[in-house]
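**Q** Here is what each chain is made of, one letter per residue.
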Amino acid sequence: MSNASEAPTPDDGLKLTDSENTGPVLAADGTPLKRSLGRALRRQKLRALMLIAPLLIFVLLTFIAPIADMLFRSVENQIVSETLPRTVVALDDWDSTTGDLPSEAVYEAAYYDIFIAAERKLHTRLGSRLNYELTGASSLFRKSGRGLDDLGEVYQDQFEDLNEAWEDGETWALLMGSGDWQDKAYAWEKSSGDLAPKLELREGIEELLPKTAAAYSSFANFVRVDDGDNPATEDPWSLVYTAFWQDLTGGANVASYSGPEAELLMEAANAASGFESTTFAEGFADIDKDWASTPIWQTIKTYSPKYTSGYFLNSVDMQKTPDGPELRDANERIYGILFKRTMFMSMVITISCIMLGYPVAWILANLPARTANLLMILVLLPFWTSLLVRTSAWKVMLQQQGVINDVLVWLGLVGDGDRLVMINNQFGTIVAMTHILLPFMILPLYSVMQTIPPSYLRAAKSLGATNWTAFWRVYFPQSVPGIGAGSILVFILSIGYYITPEIVGGTTGTFISNRIAYHISSSLNWGLAAALGTILLAVVMILYWAYDKIVGIDNVKLG
Amino acid sequence: MAALTPISRKPLSFVAPVMAAAGAFFGIFVGTANGSTLLGFLIGGVLLAAIAVVIMKMDLPEKPVRWALIVVFAVLGFFLAGIPSAVLGGLFGWFTGWFAYWLYEGRYRAKIAPYLTPGQVLWHFAFRVICGAIFFFLITPIVVVMPLSFNAESFFTFTPEMLRFDPEGYSLRHYRDFFTSDAWQQALWNSVTIAPMATILSVGFGTLAAIGLSQPHVPFRRAIMAILISPMIVPLIISAAGMYFFYSRIGLQGTYLGVVLAHAALGIPFVIITVTATLVGFDNSLTRAAANMGADPVTTFFRVQMPLILPGVISGGLFAFITSFDEVVVVLFVGSASQKTLPWQMFIGLREQISPTILAVATILVAISICLLTVVELLRRRSERLRGMSPG
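If you read the sequences in order, they're chains A and B. The first sequence begins at 119 in our numbering and counts up one residue at a time. The second sequence begins at 23 in our numbering and counts up one residue at a time.
Just so you know, the hints here were simulated from the structure itself, not pulled from any lab data. Here the structure is a predicted model, which means the values were calculated and not measured. Hints should not be assumed to be uniformly reliable.
[What the hints assert, rightly or not] Taking beta-carbon pairs under 8 Å as the criterion, some of the chain B residues facing chain A (in silico):
1. THR54
2. ILE65
3. PHE157
4. ARG195
5. GLY228
6. LEU235
7. HIS239
8. PRO241
9. GLN275
10. LEU283
11. LEU372
12. ARG373
13. VAL397
14. LEU400
[To be verified] A few chain B positions that, by computed beta-carbon distances, are all more than 10 Å from chain A:
15. THR27
16. VAL68
17. PRO83
18. GLY112
19. PRO140
20. TRP145
21. ARG150
22. GLU183
23. TYR197
24. THR215
25. ILE233
26. ARG271
27. ARG325
28. PRO329
29. PHE355
30. ALA359
[Said to hold, decoys possible] Covered stretches of chain A (chain B as the covering partner; in silico rule of three or more C-beta atoms under 8 Å from a C-beta of chain B):
31. 152 to 165
32. 311 to 321
33. 365 to 377
34. 509 to 515
Glycine included, every Cβ here is placed at the ideal spot set by N, Cα and C.
All chains should be modelled from the sequences, with the hints used to inform the complete structure.
**A** And the structure:
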């Protein structure tokens with residue numbers, strides 16, 4: 119509105135409406151008032167959103183995304199199907215409920231998968247993942263990573279005994295790779311910093327020796343990418359020899375091959391059928407007899423999908439079996455106990471907070487303002503004091519050589535020999551957490567009680583109510599919103615507490631959050647930690663929703 | 023409830039039994055400490071009843087009697103168990119004198135409504151005693167830490183020397199430890215560098231968003247508010263776990279930036295809550311008036327709106343600061359050893375090598391929180407005064 123004289127005035131609209139006398143009500147600039155107002159409102163909304171947007175994006179990125187990531191991790195299970203792709207497919211046809219061992223095809227697939235995984239050092243990771251479900255899987259995989267090499271070396275040795283040429287990587291490159299690729303590969307230098315040229319298979323070799331081609335490709339790719347070396351000059355894995363032997367004995371039409379090294383190939387093809395050999399199933403059984411039993415295969419099959427409910431079942435003390443989810447044995451159930459204990463202790467803490475907080479809030483709300491403000495400091499000081507300070511204070515107080523025990527001994531209430539055990543158990547956790555969370559109960563209670571006029575109580579009494587009736591029928595119902603707000607707040611806070619139970623809780627006073635922390639930092643079972651966290655989060659979210667309904671998030675007050 | 027009730031002296035038949043009961047109660051403890059509960063119970067009861075009788079029969083003047091009682095009980099205590107009990111004896115003497123005259127003169131009724139029955143009066147005081155006990159429960163742990171931090175020994179409890187008020191029993195060695203130990207100083211430095219950055223981030227974003235949220239028409243206000251408040255509601259261990267997983271995916275785990283971002287996210291709800299609370303009473307016609315007089319939105323914000331909501335912004339900032347400064351769970355997971363903050367160091371100290379240096383640090387932190395509490399309280403009052411919400 120730079121030019122004041124031309125700017126529309128409220129009168130313009132009025133004049134316009136007057137002059138036409140029909141149509142919608144118009145705004146000052148002549149547009150219909152409804153549209154004009156709508157536009158103003160839109161602009162207002164947009165401005166508000168623009169102000170909120172930076173923070174919203176910030177919180178979404180730094181906080182909501184991590185939570186979402188945790189939810190994702192609680193069902194994520196790609197590791198099995200990524201590490202054992204062939205095995206997973208082969209196991210599809212196997213019926214795990216019959217008790218029969220899987221077919222030779224499965225063992226063959228497992229041989230290729232585990233061999234490649236072992237070369238890439240991924241088999242131990244998979245082993246520890248499966249170990250969460252089947253004890254012993256970790257060492258089984260570690261052992262197999264070494265053992266499978268021997269399985270292939272049987273063939274490697276025999277081929278190399280047959281003709282020394284098989285020892286050289288160059289022979290294989292000549293046989294498997296295209297001429298173009300060989301030229302490029304031999305021209306490549308490691309010092310150039312680039313990766314070696316990507317393998318191009320010789321035309322027709324894939325049809326002739328399919329397994330060998332696949333195995334050699336895996337090998338070439340590994341050498342090229344993971345090792346940064348030249349596949350054309352490296353000696354192949356024993357896996358390639360195994361595949362080669364399988365192809366040759368599997369009826370490869372070697373005679374049709376006319377490329378380089380054809381004679382060598384012919385020689386090998388003729389000799390291969392006479393090689394000493396063993397089935398994959400036997401080879402696996404030689405490495406560890408566990409491979410010749412069903413549980414490990416059942417576990418692999420059960421956990422082969424990309425997403426699993428296994429972590430969640432684990433966190434409610436169940437396990438996946440071929441017949442569906444099942445409760446664990448009674449002596450293996452720990453999470454149910456932990457969840458129940460967390461709930462129970464949070465409840466006890468909440469109730470103690472109500473018992474202790476109610477009188478204090480009442481007296482703060484009913485004393486003269488000056489005194490109340492002074493006493494308020496006694497509530498706010500703990501609220502502002504570092505959690506660690508308060509926890510260490512309770513450690514100091516509750517220890518067997520601590521202040522409370524010393525005082526009790528000095529007063530003669532307990533003997534020096536039998537000092538009370540008040541720490542590293544549930545009692546210690548409950549006392550310390552009640553103290554820590556008490557301000558969160560007192561503050562909402564206080565703000566509700568402040569709004570209850572004291573004259574109501576006096577009126578009730580003057581109408582003949584006893585002290586108790588006046589309190590219970592008149593005052594208490596009005597303070598219930600405060601109790602509700604405080605209880606939910608305290609319950610939400612206590613259910614996820616970690617530090618205090620960790621320090622004063624010992625073994626019997628710990629919460630589910632301590633278990634989550636344990637799985638993240640010690641046992642490294644992140645999926646289970648995420649599943650436990652998700653369950654805890656769901657409980658908290660329900661309570662949060664209830665809090666929002668009862669109190670409203672906007673009405674949270676601090677200090 | 024002003025002091026409207028006329029007070030009068032009470033008869034011996036009331037004062038003496040109450041005194042006897044009090045004496046018997048304290049006598050139990052003294053008796054148990056010296057070997058015989060029953061004897062203590064009896065002696066205490068008889069002693070205090072006798073004092074009541076003497077005071078009332080001889081109508082002694084208040085001041086000298088109370089001083090005399092303090093001295094007598096202090097001396098008595100000294101002969102029983104040395105200096106510590108002399109102090110307790112003195113306190114007990116002060117209490118006895120005050121209690122005797124409080125009952126005798128009928129002062130206890132002065133401040134309560136005249137129509138209360140004796141039972142109600144008893145409940146009134148019993149209730150106060152209960153509340154006093156709860157306040158005691160609230161404040162004792164914090165108070166106990168302070169003298170213990172001056173302990174000359176590496177114990178977590180009062181040594182006999184300390185109880186004797188022997189200067190030998192006290193020392194500043196734990197403070198010296200704190201100020202000379204590299205680990206603690208590094209932790210302090212980390213805390214001091216992380217918390218302000220996190221505070222600046224959360225206050226900057228938070229204030230803007232709070233202003234946006236306080237506009238009259240905000241679409242999805244409830245949902246946005248729920249998201250912004252959630253870092254306060256979601257249990258810390260879950261936030262920590264999620265951040266640990268996610269930040270290690272994107273390479274922020276174990277970096278200064280990662281910890282600052284995490285702490286900023288945790289501090290945001292506090293800023294939002296305090297600043298929106300301040301904005302509730304904000305008169306929007308002020309910004310319109312400023313615009314009317316030709317101020318552009320930025321000028322309006324800095325010259326009109328900001329000064330008025332500044333108290334809220336500062337106290338929100340202090341909340342965010344203390345959140346980051348006290349936070350341990352998230353930093354434990356998101357940080358690495360080079361981001362070890364003060365609370366983390368304390369956590370290690372409490373869990374592994376129990377060292378009383380923690381108590382010195384705790385005392386320093388309590389002093390800091392007292393300062394912060396004072397500032398927040400002053401700001402709150404100023405803000406209420408500015409907005410005309412309270413006359414004070």
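**Q** Hint by hint, note whether the structure agrees.
**A** Hint-by-hint comparison with the structure:
no.	hint	in the structure
1	THR54	holds, 4 Å
2	ILE65	violated, 15 Å
3	PHE157	holds, 5 Å
4	ARG195	violated, 17 Å
5	GLY228	holds, 6 Å
6	LEU235	holds, 6 Å
7	HIS239	holds, 5 Å
8	PRO241	holds, 5 Å
9	GLN275	violated, 11 Å
10	LEU283	holds, 5 Å
11	LEU372	holds, 5 Å
12	ARG373	holds, 6 Å
13	VAL397	violated, 10 Å
14	LEU400	violated, 12 Å
15	THR27	holds, 16 Å
16	VAL68	holds, 20 Å
17	PRO83	holds, 30 Å
18	GLY112	holds, 17 Å
19	PRO140	holds, 13 Å
20	TRP145	violated, 7 Å
21	ARG150	violated, 7 Å
22	GLU183	holds, 14 Å
23	TYR197	holds, 15 Å
24	THR215	holds, 18 Å
25	ILE233	violated, 6 Å
26	ARG271	violated, 7 Å
27	ARG325	holds, 18 Å
28	PRO329	holds, 19 Å
29	PHE355	violated, 7 Å
30	ALA359	holds, 13 Å
31	152 to 165	holds (count 4)
32	311 to 321	violated (count 0)
33	365 to 377	violated (count 0)
34	509 to 515	holds (count 7)
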